[in-house]
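Colleague: Chain residues, written in single-letter form:
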Amino acid sequence: NAGVMQNPRHLVRRRGQEARLRCSPVKGHSHVYWYRQLPEEGLKFMVYLQKENIIDESGMPKERFSAEFPKEGPSILRIQQVVRGDSAAYFCASSSGTDYGYTFGSGTRLTVV
Amino acid sequence: QKEVEQDPGPLSVPEGAIVSLNCTYSNSAFQYFMWYRQYSRKGPELLMYTYSSGNKEDGRFTAQVDKSSKYISLFIRDSQPSDSATYLCAIPNQAGTALIFGKGTTLSVSS
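Line by line, the protein sequences give chains A and B.
Using this note's numbering, you'd call the opening residue of the first sequence number 3 and step up by one each time.
Using this note's numbering, you'd call the opening residue of the second sequence number 937 and step up by one each time.
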């Protein structure tokens, strides 16, 4: 049973470009969470989605960031017009929704040059 | 005051030592408490999950919750070099829609 699959593992973007991060949850999990990890700052919640719905986006920056979890296919975290401060590790997690035991992916490391 | 606070360390111990990792939290309404382990360049993995107060043991690991002082601990007995990682405590937010993580304590166990 595959865990949470994130791709790409590493992503390099120039300032002003768009970054698309993909996350396929554990089979059977319909709850997806995105977190960002910056050195010295820890793991910060960004957004919680269920199929076709954003449940809580209180951790998402108001501009340039968006997330979706369509009926078919992976969840996508999209960052438009990237800036150097967006460089971080982005982790996706999934759960069945019955408990708080999230399963995390290995992350996408975004570097903005 | 931050919702979850954790001493980042680093913490260095010799193999076989007993390790104590701690977090404090601010909201007395919290009921669920989790410990995650994160190896370098990997995603966090769930280590222990406790509800309310008391102890929970799993092999060499014991999670302890003291709700009166809002203090949670993870004890590792007979520590091994393979335990070298960052340990993060986590608590669900009040809405139950996300986990709030401590900054993590980096542990190094030398052989």
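No wet-lab data here; the hints were simulated from the structure.
C-beta atoms are modelled at their ideal positions from N, C-alpha and C, and glycine is treated no differently.
Among the hints, a few may not be true.
Claimed, not checked - Derived SDA-like pairs: lysine to any residue, alpha-carbon spacing no greater than 20 Å straight-line:
no.: 1; chain 1: B; residue 1: Lys1003; chain 2: A; residue 2: Tyr102
no.: 2; chain 1: B; residue 1: Lys938; chain 2: A; residue 2: Gly44
no.: 3; chain 1: B; residue 1: Lys978; chain 2: A; residue 2: Asp58
no.: 4; chain 1: A; residue 1: Lys46; chain 2: A; residue 2: Asp58
no.: 5; chain 1: B; residue 1: Lys1039; chain 2: A; residue 2: Glu43
no.: 6; chain 1: A; residue 1: Lys46; chain 2: B; residue 2: Ile1036
no.: 7; chain 1: A; residue 1: Lys46; chain 2: B; residue 2: Leu983
no.: 8; chain 1: A; residue 1: Lys46; chain 2: B; residue 2: Leu982
no.: 9; chain 1: B; residue 1: Lys978; chain 2: A; residue 2: Ala90
no.: 10; chain 1: B; residue 1: Lys978; chain 2: A; residue 2: Thr105
no.: 11; chain 1: B; residue 1: Lys978; chain 2: A; residue 2: Arg24
no.: 12; chain 1: B; residue 1: Lys978; chain 2: A; residue 2: Met7
no.: 13; chain 1: B; residue 1: Lys978; chain 2: B; residue 2: Gln1016
Stated by the list, open to error - Coverage of chain A stretches by chain B, computed from C-beta distances (three or more under 8 Å per stretch; other residues unrestricted):
no.: 14; stretch: 17-24
no.: 15; stretch: 44-52
no.: 16; stretch: 90-103
Colleague: Has the given pair, Lys978 (chain B) with Asp58 (chain A), been kept, meaning a C-alpha gap of at most 20 Å?
Modeller: Between Lys978 (chain B) and Asp58 (chain A) the Cα gap is close to 25 Å, so the pair fails against 20 Å, i.e. violated.
Colleague: Need the status of pair Lys46 (chain A), Asp58 (chain A): alpha-carbon distance at most 20 Å?
Modeller: Measuring from Cα to Cα gives roughly 13 Å; hence the hint holds.
Colleague: Confirm or reject the coverage of the stretch 17-24 of chain A by chain B under the rule of 3 or more residues with a beta carbon closer than 8 Å to the chain's beta carbons.
Modeller: violated (count 0)
Colleague: Under the criterion that the straight-line Cα-Cα distance not exceed 20 Å, is the pair Lys1039 (chain B), Glu43 (chain A) satisfied?
Modeller: At roughly 6 Å apart (the allowed maximum being 20 Å), Glu43 (chain A) and Lys1039 (chain B) satisfy the hint.
Colleague: So if I understand the rule, the pair passes when the alpha-carbon distance is 20 Å or less; does Lys978 (chain B) with Gln1016 (chain B) pass?
Modeller: Judged against 20 Å, a Cα distance of about 19 Å means the pair holds.
Colleague: Count the residues of the stretch 90-103 of chain A whose Cβ falls closer than 8 Å to any Cβ of chain B, and tell me whether that reaches three.
Modeller: holds (count 5)
Colleague: So if I understand the rule, the pair passes when the alpha-carbon distance is 20 Å or less; does Lys978 (chain B) with Met7 (chain A) pass?
Modeller: holds (12 Å)
Colleague: Would the hint linking Lys978 (chain B) and Ala90 (chain A) be met if the CA-CA limit is 20 Å?
Modeller: Given that 20 Å is the threshold and the Cα spacing comes to 13 Å, the pair holds.
Colleague: Would the hint linking Lys978 (chain B) and Thr105 (chain A) be met if the CA-CA limit is 20 Å?
Modeller: Between Lys978 (chain B) and Thr105 (chain A) the Cα gap is close to 12 Å, so the pair holds against 20 Å.
Colleague: Regarding the pair Lys46 (chain A) and Ile1036 (chain B), is the alpha-carbon distance no greater than 20 Å?
Modeller: holds (7 Å)
Colleague: Hey, Lys1003 (chain B) versus Tyr102 (chain A), does the alpha-carbon distance stay inside 20 Å?
Modeller: With a Cα-Cα distance of about 19 Å, the restraint between Lys1003 (chain B) and Tyr102 (chain A) holds, given a limit of 20 Å.
Colleague: With a cut-off of 20 Å on the C-alpha distance, tell me whether Lys46 (chain A) and Leu983 (chain B) pass.
Modeller: holds (19 Å)
Checked against the numbered hints above, the structure breaks hints 3, 14 and satisfies the rest.
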